[in-house]
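Trainee: Each chain, written out:
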Amino acid sequence: MNKLTFLKSDRSNIQLVLIIGLFLITISIFDVFLNSFFKINLISFLPSKISFIFPLVIGMMGFHLIRIEYSGNRYIDILNKNINTSTFNAFLTLLILFLILKAIPPSLSWMILDANISGDSKDACTGSGACWTYIKVWFRRFMYGMYPNEQHWRINTAFLLVIGLGTFGLFATEKMKKFLALYYVVIYPILAFLIIYYLISGGYFGLEWIETGAWGGLSLTFIVSFFCLIFCFPLGMLLALGRRSSLPAVRYISIGYIEFWRGVPLITVLFMSSVMFPMFLPEDFFMDKLVRVIIAITLFEGAYCAEVIRGGLQSLPRGQYDAAKSLGMGYWKMHIFVILPQALKLVIPGICNTFLALVKDTPLIFVVGLAELAGMLALAKTNPKWLGFAMEGYIFASIIFWIICYAMSKYSYNLEEKYKTER
Amino acid sequence: MKFRILAYFFLLLGVTDLTIKIFYGNIFSRFTEDYYEIANPILVFTPVLFFSLGGVFLKESRVSMSLENFGTTRIKYYSPQFICLAVVVLIFLFFTFNAQINMENRGIDFGFDFLAQESSFDMQFSLMDYDGQDPYWWAYVVALLNTLLVAVLGIIFCTIIGVVVGVARLSPNFLIRNTAAWYVEFFRNIPLLLQIFFWYYAALRALPLPQDASPLFGVTYLTIKGYYMPAFIWNNLNVFMYSILAAIVSIVFIRYYAIKLRDTQGKQIPVFYISLIILIILPLFTFLFGGVSLNFEIPVLKQLSATSFIYDGGIALPPELIALTLALSLYTATFVAECVRAGIQGIGKGQKEAASSLGLTANQVLKLVIMPQALRIIIPPTTNQYLNLTKNSSLAAAIAYPDLVLVFAGTALMQTGRAIEIVSITMLTYLSISLAIAALMNWYNKLIEIKEK
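Chains as they are written, first to last, in the numbering used here: chain A, 2 to 424; chain B, 2 to 454.
Simulated from the structure, these hints should not be mistaken for lab results.
Any given hint might turn out to be false.
Cβ-Cβ distance ranges computed for the label pairs, FRET-style [said to hold, decoys possible]:
(1) A:58 - B:274: 48 to 58 Å
(2) A:23 - B:437: 50 to 60 Å
(3) B:437 - A:176: 49 to 59 Å
(4) B:249 - A:13: 46 to 56 Å
(5) A:101 - B:264: 44 to 54 Å
Each computed EDC-like pair below joins lysine to aspartate or glutamate, with the alpha-carbon atoms no more than 20 Å apart [said to hold, decoys possible]:
(6) B:368 - B:450
(7) B:226 - B:123
(8) B:368 - B:354
(9) A:82 - A:70
(10) A:346 - A:175
(11) A:137 - A:121
(12) A:290 - A:175
(13) A:411 - B:339
(14) B:392 - A:121
(15) A:411 - B:186
(16) B:392 - A:260
(17) A:137 - A:124
Note that this is a predicted model, so its numbers are computed, not measured.
Even for Gly, the Cβ is constructed at its ideal location relative to N, Cα and C.
Build the full structure now, drawing on both the sequences and the hints.
Mentor: Structure (structure tokens):
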């Protein structure tokens, strides 16, 4: 065993061990770096199989050497504590480092160095990398669908107005604060609907009528998810109250509704909206495709919303109900003035997550022939002038959706943290 | 007082209605010709309804006036329920009535007899034999099996990835922890449909053509037309299966014995290694003595025309299946990982420290103390995710994988035009899968919940 002690590093030979260890690690990383960036193989004199695992082996030897408890060197301690706790961890660390090093050059050259963005036709894309020209040319289509180009200002204005009205709560004075709930639950949805109807759909005030079939792209995603959210929220609230009601018929109807919609996939609900709704409605009654889709998604998401709100209702202590009752409040008074304001504050993060799921579900509306972002990509992909750019399109769409969803999930997480401390 | 007024109002209404019905017939029939047919049976009973409502209010007025029952009204208990039920029933009646008229006008009749008709369409991929001469119900079964195949594959892979990533998120290693966190943040925040499209239209399309493919692991080929694997050809497969069954039974017995030994005498036996050995040795014996043998059918490149090649023989996994399984498992794994992480974090630090202070090794702490408790937190939300995965597998329709939605709610609906029947069957199928799993889950929750006195 004595012969093996030189493998076990401790503080007595720290200088030597550190120098050798760090040298070995540097060599291993440098080798992979050169290999992936400049295609130079430092150790090409070795047989190919050995030279393949060579950096890993010497890297692990290096990590093993510098693994000294309480070395006295702050940086080495941090290194050991974080990425070098055991042999297995050192192995994984090296593997991840090498993977990152290997992945950077090809992705960099594909996305930026060899990519094209100039020009406005497929011929401009000569490099071996991505063809961002495709995204540039189709950008307006991806954002606004088939909406006429010169009318895009209408969509932009409508969205700005709706967002502007939404931030009203931030500027409200103390006096106005008590009307905020009323504003957001009743007035705001109506205003938003009127804005979107008159501005985007048009047909009045000299604006050209644009049918919903032409709507599309990312703006349609926003329109659908916005309306579904504002409609499914009150529906979910009623269902949640119904599920917690003491009246058996009301409770079982709510449970049946919630469990039914939670048990079926959204795609079948959309199928239902496109083939079954027209059957169920009176013959001469025409309902727009977009309206049908919004109704279907609202019915579907209402059930999920109800479960989230029920969680908030359940988390309130019984004392709140008893106190409200002892003040002589009836069922509705108790819920509107005491229970719901508290419960809804608790479920805001949950609602945020439901909304997130809703945004991620909107691409599904392609099954009924509405082309939002994913649908427009499918359309652009099959355009004979622009064949073969599926990768660029999907990466572009993924980045956009990722930014939206990530921002929302971070926001909901922050809200959760904020309310956690308040209670 | 107001109840009494209401009661008299309804009684009067009932009397008037009855009089009108007797002397003039049904007056409503003159207004709505269309709705009359379905409304007739209801309208006959309106006087009964009015009388009973009047009676209820009359009774109520007496009850609420008496001193001991003051304020407790049954009207508050029954009327909302009655209104709710009435609204639901009316909506259903309205829908069925419209559906009848619409179907009459379009010349469609309602019924499930179409299930026995010849389907006359083909399926790209199926687990069981299927061709165009088979009836629709067989198409339904085959499509359901395809859906379940994707769901099961997805569940297996998402569990493996999810557990690994979930544990990695708690790793002391900075790089591993952050890689896992970024994996979760990345795949969770991109719509599943986009991911499926990405794998199918972008990633798998970049694979080589069959004739250019180089073998993976020597005998399998990953090409743009799918993944080709050698098929197993067994001799005496049943003997082999019996041996595996026997191995499983003996492992169960050994485990049971080991637990008993541990609980009564405190002895530990290495169950895992013993099980592993049994599981390897027993089937191996059947190869030596049971006459079991295994051959491989290796896929061979075959030329269809001048430029078109495929691999013949073996098992072929279509690219749709691969893309779908990849996307579903990578997406759902992020949620499973979060469940696993929450479960392990949900176990208090004290548990771990208490177990270590009893002298258990790190492995034993994990196996005997942390995991049994963490599983109680992990399993319910994870099952929910499995359920979501099963429902999300319906997105297969987007890339033409022949699952239930594409085959049944797509092709079969197109051909027969039986919208209501087919969409209801499809929805009910998913609903029953969901409810079955939910019921199983509730039963399991009851089983493992902490029994407190």
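Trainee: The structure should be examined with respect to each hint, and the outcome stated for every one.
Mentor: Going down the list of hints, with the structure as the test:
no. : hint                      : verdict
1   : A:58 - B:274: 48 to 58 Å  : violated (29 Å)
2   : A:23 - B:437: 50 to 60 Å  : holds (59 Å)
3   : B:437 - A:176: 49 to 59 Å : holds (55 Å)
4   : B:249 - A:13: 46 to 56 Å  : holds (54 Å)
5   : A:101 - B:264: 44 to 54 Å : holds (49 Å)
6   : B:368 - B:450             : holds (19 Å)
7   : B:226 - B:123             : holds (18 Å)
8   : B:368 - B:354             : holds (14 Å)
9   : A:82 - A:70               : holds (9 Å)
10  : A:346 - A:175             : holds (18 Å)
11  : A:137 - A:121             : holds (8 Å)
12  : A:290 - A:175             : violated (43 Å)
13  : A:411 - B:339             : holds (15 Å)
14  : B:392 - A:121             : violated (41 Å)
15  : A:411 - B:186             : holds (10 Å)
16  : B:392 - A:260             : holds (14 Å)
17  : A:137 - A:124             : holds (14 Å)
Hints 1, 12 and 14 from the list above are not met by this structure, while the remaining hints are.
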